[in-house]
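Chains A and B, in that order, are what the protein sequence lines are.
Residue numbers for the first sequence follow the working numbering, so the first one is -16 and each next one is one higher.
Residue numbers for the second sequence follow the working numbering, so the first one is -16 and each next one is one higher.
Be aware that one or more of the hints could be misleading.
Stated by the list, open to error - Keeping only pairs whose Cα atoms sit at most 30 Å apart, straight-line, the calculated DSSO-like set for lysine-lysine is: (1) B:Lys471 <-> B:Lys452; (2) B:Lys471 <-> A:Lys47; (3) A:Lys445 <-> A:Lys402; (4) B:Lys292 <-> A:Lys47; (5) B:Lys85 <-> A:Lys47; (6) A:Lys85 <-> B:Lys471; (7) A:Lys237 <-> B:Lys85; (8) B:Lys59 <-> A:Lys85.
In short, the hints are calculated from the structure, not lab data.
Treat the numbers as computed from the prediction; the structure is a model and nothing was measured.
Number of protein chains: 2
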Amino acid sequence: MSTENLTLRRVGIDTYHENVAYLHRDCSVYRAEGFQALSKIEIHANGLYVLAVLNVVDDESIVKRNELGLSEQAFKQLDEKEGCNVQVNHAEPADSMDAVRKKINGERLTYEEYYSIAKDIVDNRYSKMEMAAFLVASGQTSLDRDEVLYLTKAMLETGEKLDWKEALVVDKHCIGGIPGNRTSMLVVPIVAAHGMLIPKTSSRAITSPSGTADTMEMLAKVNLTPNQLNEIIHQERGCLAWGGTAKLAPVDDKLISVERPLGIDSRGQMIASILSKKLAAGSSHLLIDIPVGPTAKVRHMREALSLRKLFEFVGDQLNIHLEVVITDGRQPIGRGIGPALEARDVMQVLENDPNAPEDLRQKSLQLAGRLIEFDPDVRGGQGYSIARDILDSGRAVGKMNAIIDAQGRLETRSFEAGKLYFDVCSKEDGTVIEIDNLQMAHIARIAGAPMDKRAGVDLFKKLGDNVKKGEPLYRVHAEFNSDYQFAKNLCNNNIGYRIGHADQIPTSFVAF
Amino acid sequence: MSTENLTLRRVGIDTYHENVAYLHRDCSVYRAEGFQALSKIEIHANGLYVLAVLNVVDDESIVKRNELGLSEQAFKQLDEKEGCNVQVNHAEPADSMDAVRKKINGERLTYEEYYSIAKDIVDNRYSKMEMAAFLVASGQTSLDRDEVLYLTKAMLETGEKLDWKEALVVDKHCIGGIPGNRTSMLVVPIVAAHGMLIPKTSSRAITSPSGTADTMEMLAKVNLTPNQLNEIIHQERGCLAWGGTAKLAPVDDKLISVERPLGIDSRGQMIASILSKKLAAGSSHLLIDIPVGPTAKVRHMREALSLRKLFEFVGDQLNIHLEVVITDGRQPIGRGIGPALEARDVMQVLENDPNAPEDLRQKSLQLAGRLIEFDPDVRGGQGYSIARDILDSGRAVGKMNAIIDAQGRLETRSFEAGKLYFDVCSKEDGTVIEIDNLQMAHIARIAGAPMDKRAGVDLFKKLGDNVKKGEPLYRVHAEFNSDYQFAKNLCNNNIGYRIGHADQIPTSFVAF
């Protein structure tokens, strides 16, 4: 390590998940140590250290020759005052990269190896490209079931864990891929109204047109501190907030920040990601929703069953009571796709509006019913009717309003969609035999969702509906002219619907 | 795209191979477009654009609210003046990432797909993690031989090509892994003295204790502009400079900047890397050196043969006259490991010093002989003796001095090794039966090579030498106390030598 001291300086640059250090090109330490721009260095101060990627500076107003600058995240992590003495040296590559290279060669890794990888990732010893190497390697040869267990456990053990001091803490999770599938916003108030603890946090959309957190944001604040969250959950038995502020299974967030932009997705990583987060959040009982359909993430029943077994295996080993439901993923759920339109659907169901989308209502009641049956005092088979009573009686909407108030109600409520819109109409008489989940999600995103909350798609026709030539199938809403035009071009290319005969509709092999 | 204009500003931060853009957090474009730190954006000015990773700034002395800052590389690439108007928008992911995902799923790619990947990488559309995904995917399932050809061609076609306007342009390349293997510094002067054109450029060490460019830097400047290089090559028929300034097969440099830190290595990538560079450099005839040994990159003869065939297949398809020699890679070549010690060995051979290491001399003569036989006027089998005549007569050292003078001779010549040193001695009587290439390279690196040019290892004993208990096997030189100590600890752990009986020495199956 260089014995020369540098003076710590905070550089007002936000580099998100990546620590960056700044050294002046004429700094003697930079020259002596033979650092290169983008190489990884260790910065030590008073026995503590952080790792950062080096940027070389030619401007003394950013850092002077005797200073070491840190980006905001790195500065916060080192947790020292500006002006203190720091020393720097080359960071050695993470030891666990040996295990990653083993995986690249197709070998099986042990729990200890997965743990060392997870630990090094949490400690910021991995660059994004090292994480990408791990993800591609473990996605490609696909992990065997013991490895999925090891990875899940490693991701769980390298983060904090919540303890609610209750025997029954329930949660639900859908593996995703179905637009408009906002059941959590119904399930949480119903289950919490039944008195069960459901401390569910949600994500924002990354590749989809809306996440539960984006839709909930039409009604209430979702960006809460861990303390606020804790208080709301104790008071209301449930919440509908963004989960990004907690430090549960932190490896997962880091891996997702690489996995999503790469557009890669592996079964083993998905299961480890879901289960490590839920276990860390202190859940004792978990319901997993796997939608199956020709344009869903899971396209065949055999695939859904093998995924179910993998979930069950890992869940059983890690001592969580886990149940999997395989649901109908042939088309979007509800009518709206995009934050405002989805919020409208949800509130229609909660408020028992006769126009409420029946599929969203039914699916939510089924899921809530299964969660309620985790309650030992509820007789098997009674969950659904308890859930329905809670919804019909107005207790669900009452609980939803209480949660909204606790999180911070928005001043005005409006689900009005973007003022620029066009309708996509059927080119023939017939029956809707296919709605492409991927294309509908793509249209909603191109129209501006989730960034523009009022952009999205409103479906007028669903599978099995009869249509006449020229009759509108759905309406696309946008807020900006350019988005409107992009969405229109996309629809001209592929409307995402197929019209045919009723007997061409693919059969759903699932209960709900 | 945002229609709002920002003012371009150059930010004095060097971010090496990665373009970075800086926007103030309160900049209206940043807010309206929903950018995130580390997301990729496009910066447009007067019909041109660059791609960059976004950093968010909280300090108006770096960028003001109406400014867009670019790091030095990005600013240079955009090639516009400070103060001009720029617009920004989200960068779409590179289209060719679809092909990368196909490869991750184990599919075979076409030439068009490899070309689109190479083109997007050259155009800076790939982040480091996307390149890592491509490298791991194509390393893991391993490319078939047509794919190696496609990748090589794609890497070649996306860069510039040199044309020397001569029928015979020779080059040599070793796949690496053997410490002290500085044959290029002998082969180039011998072959150039014979009058053949050998425009060889060399790399610096990335994971080894010294590259040819590092060792040559003990004698002359190696960091030359493409124009200087061109002039020297025309004048001297050869050179020994660093190749980093040319734009030959630029994809290769970008991939290597990811591959090396990850420590991954695949056959297909290696062949594409070597051949695309050599073809771009205008070589018509190429000699490839594959050392084989228990601690070399290639450990078995069958592996060396299959690698040879792959080189030959791709070379033949791309119209380069290629020959492969399989050489003895059981131990380091010469005595010194590290820039100063290797330069000493090389000059001893060139100056016909009776103490010159015979193995370095013999290997260099063999390789130079093979290259000389590419000359149609040389009778088959005569190359070696022509090479030896050139070396023995002093014409080789004369040519070397001319090259050194042309590149820029260092004022003082000294091969003295680092003043801190210790000897590692044999613990028993016997014969040296193994010298671990990897461990010896590791010791030299830990001692400070190649950064500290006088650090390294000096071997006193080689395979087959008899030793007495307590007799020194090698000496480790360092320049700094801490490095000295680290190297000592490493040697205590594993000296890298094994002593036994002469009949335990692994047989070399190769000619030289």
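Hints versus structure:
1. B:Lys471 <-> B:Lys452: Roughly 19 Å between the alpha carbons, so the hint for Lys471 (chain B) and Lys452 (chain B) holds.
2. B:Lys471 <-> A:Lys47: violated (37 Å)
3. A:Lys445 <-> A:Lys402: holds (24 Å)
4. B:Lys292 <-> A:Lys47: violated (55 Å)
5. B:Lys85 <-> A:Lys47: violated (48 Å)
6. A:Lys85 <-> B:Lys471: holds (29 Å)
7. A:Lys237 <-> B:Lys85: The hint holds at about 24 Å.
8. B:Lys59 <-> A:Lys85: Given pair Lys59 (chain B), Lys85 (chain A) is violated - Cα atoms ~40 Å apart, limit 30 Å.
When each numbered hint is compared with the structure, violations occur for hints 2, 4, 5 and 8.
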